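Number of protein chains: 2
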Amino acid sequence: MISVEEALKIVQANPHTTAVVELPLMASVGKILAENILADRDFPPFNRVAMDGLAFCFEKIDFQKIVIENIQFAGEAQKTLQDASKGIEVMTGAILPLGCDTVVRYEDINIQQDGEAKWTSLSIPKEEIVKGQNVHVQGSDRHAGEVLLQKGIKISPAEIAVMASVGKSKVQVHSTPKIAIISTGDELVEIDKTPLAYQIRTSNAYMLSAALRQIGIEASTFHLIDEEKTLYQKLKEIIAAYNILLLSGGVSAGKKDFVPAILADLGLEKLFHKVAQKPGKPMWFGKTPTGKIIFALPGNPVSTFLCFCKYVLPTLKSESKHEEVILDKDIIFKPDLTYFVPVKTYFEAGKMMAKPFLGSGSADFANLTDCDGFVELPASTQIFKAGEVFGFVRFR
Amino acid sequence: MISVEEALKIVQANPHTTAVVELPLMASVGKILAENILADRDFPPFNRVAMDGLAFCFEKIDFQKIVIENIQFAGEAQKTLQDASKGIEVMTGAILPLGCDTVVRYEDINIQQDGEAKWTSLSIPKEEIVKGQNVHVQGSDRHAGEVLLQKGIKISPAEIAVMASVGKSKVQVHSTPKIAIISTGDELVEIDKTPLAYQIRTSNAYMLSAALRQIGIEASTFHLIDEEKTLYQKLKEIIAAYNILLLSGGVSAGKKDFVPAILADLGLEKLFHKVAQKPGKPMWFGKTPTGKIIFALPGNPVSTFLCFCKYVLPTLKSESKHEEVILDKDIIFKPDLTYFVPVKTYFEAGKMMAKPFLGSGSADFANLTDCDGFVELPASTQIFKAGEVFGFVRFR
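Residue numbers (numbering that gives the first Met the number 0), protein chains in the order written: chain H, 0 to 395; chain C, 0 to 395.
To be clear, the hints were calculated from the coordinates, so they are not data collected in a lab.
Note that the coordinates shown come from a computational prediction; the quantities given were computed from them, not determined experimentally.
A few of these clues could be false.
With a straight-line cut-off of 20 Å between C-alpha atoms, the simulated PhoX-like cross-links for lysine-lysine are [unchecked claim]: (1) H:K343 <-> C:K153; (2) C:K153 <-> H:K333; (3) C:K320 <-> H:K320; (4) C:K169 <-> H:K192; (5) C:K277 <-> C:K328; (6) H:K8 <-> H:K280; (7) C:K277 <-> C:K343; (8) C:K286 <-> C:K177; (9) C:K153 <-> C:K59; (10) C:K235 <-> C:K291; (11) C:K316 <-> C:K153; (12) H:K333 <-> H:K273; (13) H:K177 <-> H:K291; (14) H:K328 <-> H:K280; (15) H:K291 <-> H:K8; (16) C:K192 <-> H:K169; (17) H:K8 <-> H:K343; (18) C:K333 <-> H:K125; (19) H:K117 <-> C:K328; (20) C:K320 <-> H:K343; (21) C:K8 <-> C:K291; (22) C:K177 <-> C:K235; (23) H:K354 <-> C:K320; (24) C:K354 <-> H:K320; (25) C:K117 <-> H:K254; (26) C:K343 <-> H:K153; (27) H:K320 <-> C:K177.
Coverage of chain H stretches by chain C, computed from C-beta distances (three or more under 8 Å per stretch; other residues unrestricted) [unchecked claim]: (28) 9-23; (29) 93-105; (30) 210-217; (31) 322-334.
Now the in silico label distances, taken between C-beta atoms and shown as ranges [what the hints assert, rightly or not]: (32) H:A12 <-> C:L265: 35 to 41 Å; (33) C:L97 <-> H:R393: 55 to 61 Å; (34) H:R393 <-> C:E106: 30 to 36 Å; (35) C:A260 <-> H:E21: 41 to 47 Å; (36) C:L195 <-> H:E21: 24 to 30 Å; (37) H:Y345 <-> C:M25: 27 to 33 Å; (38) H:E21 <-> C:A12: 41 to 47 Å; (39) C:A260 <-> H:K125: 43 to 49 Å; (40) H:F62 <-> C:Y231: 35 to 41 Å.
By construction, the Cβ of each residue, glycine as well, lies at the ideal position given by its N, Cα and C atoms.
With the hints as constraints, model all of the structure from the sequences given.
Okay, here's the thing in structure tokens:
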């Protein structure tokens with residue numbers, strides 16, 4: 000049995016293979032960028048007016064009375080200040096007129112008009128005006144040719160904005176893997192059926208599908224009966240058609256827990272079976288010779304979900320965001336296992352606190368609806384005190 | 000000009016109207032539940048075996064040698080222990096056989112077999128066995144009829160699992176609003192065009208679309224030119240067809256900032272215009288007599304995004320998750336405005352620290368790709384010290 004840390008390392012060292020595909024910009028949200036994105040122009044690409052108001056040449060004007068000779072709108076070709084002692088009205092987003100270097104906001108001037116003639120004085124002391132103010136200088140954020148986004152990052156709305164601004168209407172990203180979710184367990188019936196006294200409705204496949212849907216992946220779901228021949232044949236077909244398999248159930252010590260043996264018969268390499276953790280100890284992980292990845296998760300719903308959130312989700316999202324929480328209550332746990340406890344987090348003076356919901360163990364999934372993640376209590380310790388800091392596996 | 004707190008209160012007091020719709024379970028992920036979900040049976044619905052192993056009657060057996068008389072698989076009708084001094088092999092997920100009350104794991108027993116006869120002894124001291132262990136007692140998590148999920152909550156994978164287990168193949172949720180994103184600004188060109196020297200490509204509409212797509216909403220996008228008649232006519236049509244409008248640009252003091260006046264002409268009630276914040280001061284918010292909601296956001300990309308994340312997103316998600324961060328560097332900001340600074344967060348001894356990226360202001364959106372949210376520095380203070388705790392508006 001290996002530790003949680005070792006298991007995670009093995010999972011990370013065996014990523015699923017992906018192809019690079021070109022998608023329309025908007026379809027790339029949430030995907031992993033597969034090319035560097037360069038600035039095609041400076042950011043901003045011209046000296047850009049940052050406030051609606053009056054532009055002028057700071058050294059040349061008389062702050063008592065500035066005559067206004069023109070107006071420069073956003074989207075217009077650059078105008079030129081004809082008389083260096085005068086000013087030009089300017090709008091946010093416009094190119095700064097040639098000959099101007101400073102902008103004062105409308106709020107800080109008093110424009111007066113007499114027929115065609117227009118002039119203004121300041122409504123604030125001239126000492127408050129700084130040369131160059133309210134001008135967003137060409138290239139001050141980024142220079143043309145600079146790498147704006149590195150390949151390998153996850154694309155969020157901010158990256159979409161940057162790519163739009165450099166004209167990437169199509170973008171190279173890593174393809175989303177084809178995922179099959181396979182539940183096993185003869186006690187399970189479909190959700191639109193009425194279970195007999197000793198049966199329950201299937202829920203794991205729905206939970207995993209929902210979690211994948213949240214990261215933009217539509218998985219296929221299968222339910223297989225606990226019968227060796229059927230399992231072998233069906234798993235063979237599914238492995239042929241998908242990149243990643245998520246099984247739930249059939250990996251423990253039961254007389255019908257055929258999954259590990261069948262996966263071996265199908266030629267898969269077992270990378271680990273059993274992790275020193277609670278819940279989720281019987282977890283199995285392996286791959287095919289061609290690099291297809293199989294996560295065989297224990298079937299208790301809390302075990303399934305923990306293993307999914309801890310091992311599967313970070314590899315699919317290509318990110319392992321480290322979060323920490325502070326336990327708000329003592330927990331004692333003696334077995335030599337990493338203990339993942341459902342918790343509800345809240346903030347207290349800048350600290351993320353975690354209130355544990357011990358519930359009744361790995362089948363008590365109703366409990367999870369009150370929680371937003373698992374606190375990770377290391378195997379090395381038996382007494383976990385309120386106030387101590389531990390890792391956090393977020394699921395909400 | 001109102002404060003950030005007042006603005007947020009007004010937005011929260013004017014939610015968009017939604018209809019209640021019935022969706023297939025899987026389509027409800029991320030939506031707001033519009034009905035209470037009750038337990039149709041106890042959770043678990045029967046005394047459920049929680050470990051593969053041997054079930055028996057704790058008071059009646061001889062721990063030296065337990066004869067095994069039968070086997071109970073998951074999904075089989077309940078069997079009955081015929082001889083109270085004997086045991087039955089049981090599999091995880093099975094109903095506990097009648098007459099048994101305790102389960103010992105396979106790992107803790109040594110089964111021996113001679114022909115048809117099968118018996119076992121314990122491989123652990125009998126003092127370690129507790130009556131009732133490894134039995135997940137009927138109703139111990141929830142009772143039949145109990146409310147499992149309250150209407151109004153957001154549906155995540157955990158709620159999907161609960162609803163699957165009670166047979167909700169269809170579920171009542173609040174409909175997703177129809178959203179139109181409208182950018183204005185004559186300096187903007189489409190992303191597949193090469194801008195002239197004084198033009199830039201449009202990016203806000205893509206950024207907002209991407210952010211909505213992340214919460215499962217496909218918005219329509221429009222670009223309107225800064226011309227009064229066109230704006231009036233087009234906005235009238237769009238308001239008729241959508242529940243929520245997100246405008247970007249045209250709300251400040253510029254000579255072509257027609258949006259607030261046109262919205263008034265169209266009969267909208269202005270709920271506020273201008274918020275004491277940086278960036279995003281010119282923000283406008285209002286509604287139609289029939290309750291359609293219009294957010295008119297300033298056009299600078301960082302302003303647009305901040306206003307979206309702070310005011311729009313929480314109402315769409317029907318949740319206002321409060322997060323806090325600890326500033327890792329002093330910031331001085333004198334104006335009497337709430338200052339939202341892009342930050343990158345990281346954890347240090349259980350504390351969520353925030354490293355500010357001051358950048359060059361509200362047009363420097365390239366900056367956002369290094370950050371994961373905004374720290375919210377209140378208007379009441381001018382000096383913000385490293386180590387102090389502030390609110391956090393997450394965008395990643």
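Given the hint that K8 of chain C pairs with K291 of chain C, does the C-alpha gap stay at or below 20 Å? Distance of about 17 Å is within 20 Å: holds.
Hint check for K125 of chain H and A260 of chain C - Cβ pair distance inside 43 to 49 Å: The hinted range 43 to 49 Å is violated for A260 of chain C and K125 of chain H, with Cβ atoms some 32 Å apart.
Tell me if the beta carbons of F62 of chain H and Y231 of chain C are separated by a distance inside 35 to 41 Å. Holds: the Cβ-Cβ distance is about 39 Å, inside 35 to 41 Å.
Given the proposed pairing of K277 of chain C with K343 of chain C, does the C-alpha separation stay at or below 20 Å? Within the cut-off at roughly 18 Å; holds.
Quick check: do three or more residues in the stretch 93-105 of chain H have a beta carbon closer than 8 Å to a beta carbon of chain C? holds (count 4)
With the threshold set at 20 Å, check whether the alpha-carbon distance from K333 of chain H to K273 of chain H stays at or below it. Satisfied, since the Cα-Cα distance of roughly 19 Å is no more than 20 Å.
Restraint check for K328 of chain H with K280 of chain H, where alpha carbons must lie at most 20 Å apart: Measuring from Cα to Cα gives roughly 25 Å; hence the hint is violated.
Going straight from one Cα to the other, do K153 of chain C and K59 of chain C come out at no more than 20 Å? violated (49 Å)
In this structure, is the beta-carbon distance linking A260 of chain C and E21 of chain H contained in 41 to 47 Å? Holds, since A260 of chain C and E21 of chain H (Cβ atoms, about 44 Å apart) stay within the stated range.
With the threshold set at 20 Å, check whether the alpha-carbon distance from K291 of chain H to K8 of chain H stays at or below it. holds (17 Å)
Please work out if K177 of chain H and K291 of chain H have their alpha carbons no farther apart than 20 Å. At roughly 10 Å apart (the allowed maximum being 20 Å), K291 of chain H and K177 of chain H satisfy the hint.
Is K177 of chain C within 20 Å of K235 of chain C, Cα to Cα? holds (15 Å)
Consistency note: the structure conflicts with the earlier hints numbered 2, 9, 14, 17, 19, 27, 28, 32, 33 and 39.
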